[in-house]
Amino acid sequence: MKKGIVSAVLATGLLMAGTADAAEYKVDKAGAHAFINFKIKHLGYSWLTGRFNDFDGKFSYDKNKPNESKIDIVINTASIDSNHAERDKHLRGKDFLNVKKFPQATFESTKYEQVNDKEAKLTGLLELNGVKRTITFPVEKIGEGQDPWGGYRVGFSGETSLKLKDFGIDYNLGPASTHVTLELHIEGIRL
Amino acid sequence: MLKNSDQGYGWVSIAVHWLMAVAIFFMFGLGLYMVELTYYDAWYKGSLDLHKSLGIILMGVWLLRVAWRQLNTKPKALPGPKLEQIAARVGHQLLYVLMLLLLLSGYFISTADGRPISVFELFEIPAVPWSFDNQEDIVGDIHFWLAWSLIGFVAVHMLAALKHQFINKDGGLSRILKASK
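So the sequences go chain by chain: Y and B. Heads up: the first sequence begins at 64 in my numbering, then just goes up one per residue. Heads up: the second sequence begins at 987 in my numbering, then just goes up one per residue.
What the hints contain is simulated information worked out from the structure, not anything from laboratory work. Don't take every hint at face value.
Among the chain Y residues that face chain B by a calculated CB cut under 10 Å, a handful are [to be verified]: (1) ALA148; (2) VAL162; (3) VAL217; (4) ASN235.
Per label pair, the in silico range of CB-to-CB distance [stated by the list, open to error]: (5) Y:LYS89 / B:GLU1022: 43 to 51 Å; (6) B:LEU1163 / Y:ASP233: 44 to 52 Å; (7) Y:THR197 / B:LEU1018: 35 to 43 Å; (8) Y:ILE198 / B:ASP1119: 24 to 32 Å; (9) B:ASP1119 / Y:THR244: 23 to 31 Å; (10) Y:PRO201 / B:ILE1124: 37 to 45 Å; (11) B:ILE1124 / Y:VAL194: 20 to 28 Å.
Just so we're clear, the structure is a prediction, and the values are computed from it rather than from any experiment. Ideal placement from N, C-alpha and C gives every residue a C-beta, glycine not left out.
With these hints in hand, go ahead and build the complete structure from the sequences.
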């Protein structure tokens, strides 16, 4: 009898833990706690940084089953913002992002391999400028827990370097500027 | 001689007309050329700075020209059917409107992020305090099509002048080459 109660409590606890952890998250776009930034060398003398202002996504993450995590992100490439209208116009044009033809860049993960509590390797299909490529890059879990307003949040960061030519962008920015670094800082709110 | 008379144009109108004619063709060519330059072309930056600086100067010239046109006598319309005279008047007004819109659209591309336009690094024209989403792209397309429209109507304008000069033989071209007494 006692044993039965204990196992029932345990089972309930596990079930609750299960439902509490195997969760779907929505990227906190509304509160702007997610950022997709880029940087590229200018002439090899300095860094130029910018960001995409409009993107959305969702992911699933369970700290007990991290390798089942999945993430989908959609970026509206026309929202590129490097704090200079004439440059942004150029970046949206046919020399770079072709936003009229390819208004969206997407990333769909295919694999999440946990390295340790904090670090993991994320693999997925990136479509940019109409070109699809599988990329793998390291991600870091920054933290997770209750927020002060009754919600539950988890956040990750990741960074990867993309060769522009791989994505059909072969405008000559000089030998020091063949790669762009993409930085993702994603906070999700549990649904 | 300096001012217009009802018989023809004075030297001020003639000078400003040809100044803007040269400027329009130069700016059109420069515009088409500069957008094809790539990052490591020596003139990548300079061509755009020149285009913007000249654009602002031309805005000033346009205002003076229109003011001069309003304050001065207008030469009589060249002889011809009423419909052609109306078409000529509307056509000339259209050229002025296209020039203005072209200049304004250029201004709104470069100032879309609130940055001023530096005119030959001598002075700056500030941006207006408001803008809209993707202003530089939308106005950029408008600027492109306005430029082609202006060149199209300039071509019609030139053909009309030649027709007056050589077919109607009414001095349609010579009155913009030599001031009236």
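Outcome for the supplied range 20 to 28 Å, where the beta carbon pair is ILE1124 of chain B and VAL194 of chain Y
The hinted range 20 to 28 Å holds for ILE1124 of chain B and VAL194 of chain Y, with Cβ atoms some 27 Å apart.
35 to 43 Å was suggested as the range; check whether the CB atoms of THR197 of chain Y and LEU1018 of chain B agree with it.
Between THR197 of chain Y and LEU1018 of chain B, where Cβ atoms are some 41 Å apart, the hint holds.
Minimum beta-carbon distance criterion (10 Å), VAL162 of chain Y to chain B:
9 Å, holds
Range hint 44 to 52 Å: satisfied by the CB atoms of LEU1163 of chain B and ASP233 of chain Y?
For ASP233 of chain Y against LEU1163 of chain B, whose Cβ atoms are near 50 Å apart, the range 44 to 52 Å holds.
Does ASN235 of chain Y pass the interface check with chain B, least Cβ-Cβ distance below 10 Å?
6 Å, holds
For ILE198 of chain Y and ASP1119 of chain B, compare the CB-CB distance with the range 24 to 32 Å and indicate the outcome.
Since ILE198 of chain Y and ASP1119 of chain B have Cβ atoms about 30 Å apart, the given range 24 to 32 Å holds.
Is 43 to 51 Å a correct range for the gap between the Cβ atoms of LYS89 of chain Y and GLU1022 of chain B?
Taking Cβ atoms as reference, LYS89 of chain Y and GLU1022 of chain B lie about 44 Å apart, which means the hint holds.
Per the hint of 37 to 45 Å, is the separation of the Cβ atoms of PRO201 of chain Y and ILE1124 of chain B within bounds?
40 Å, holds
Interface hint outcome for VAL217 of chain Y [beta carbon to chain B under 10 Å]:
32 Å, violated
Within 23 to 31 Å: is that where the Cβ-Cβ distance between ASP1119 of chain B and THR244 of chain Y falls?
27 Å, holds
Residue hint ALA148 of chain Y, partner chain B, criterion CB-CB below 10 Å
4 Å, holds
Consistency with the previously given hints fails for number 3 only.
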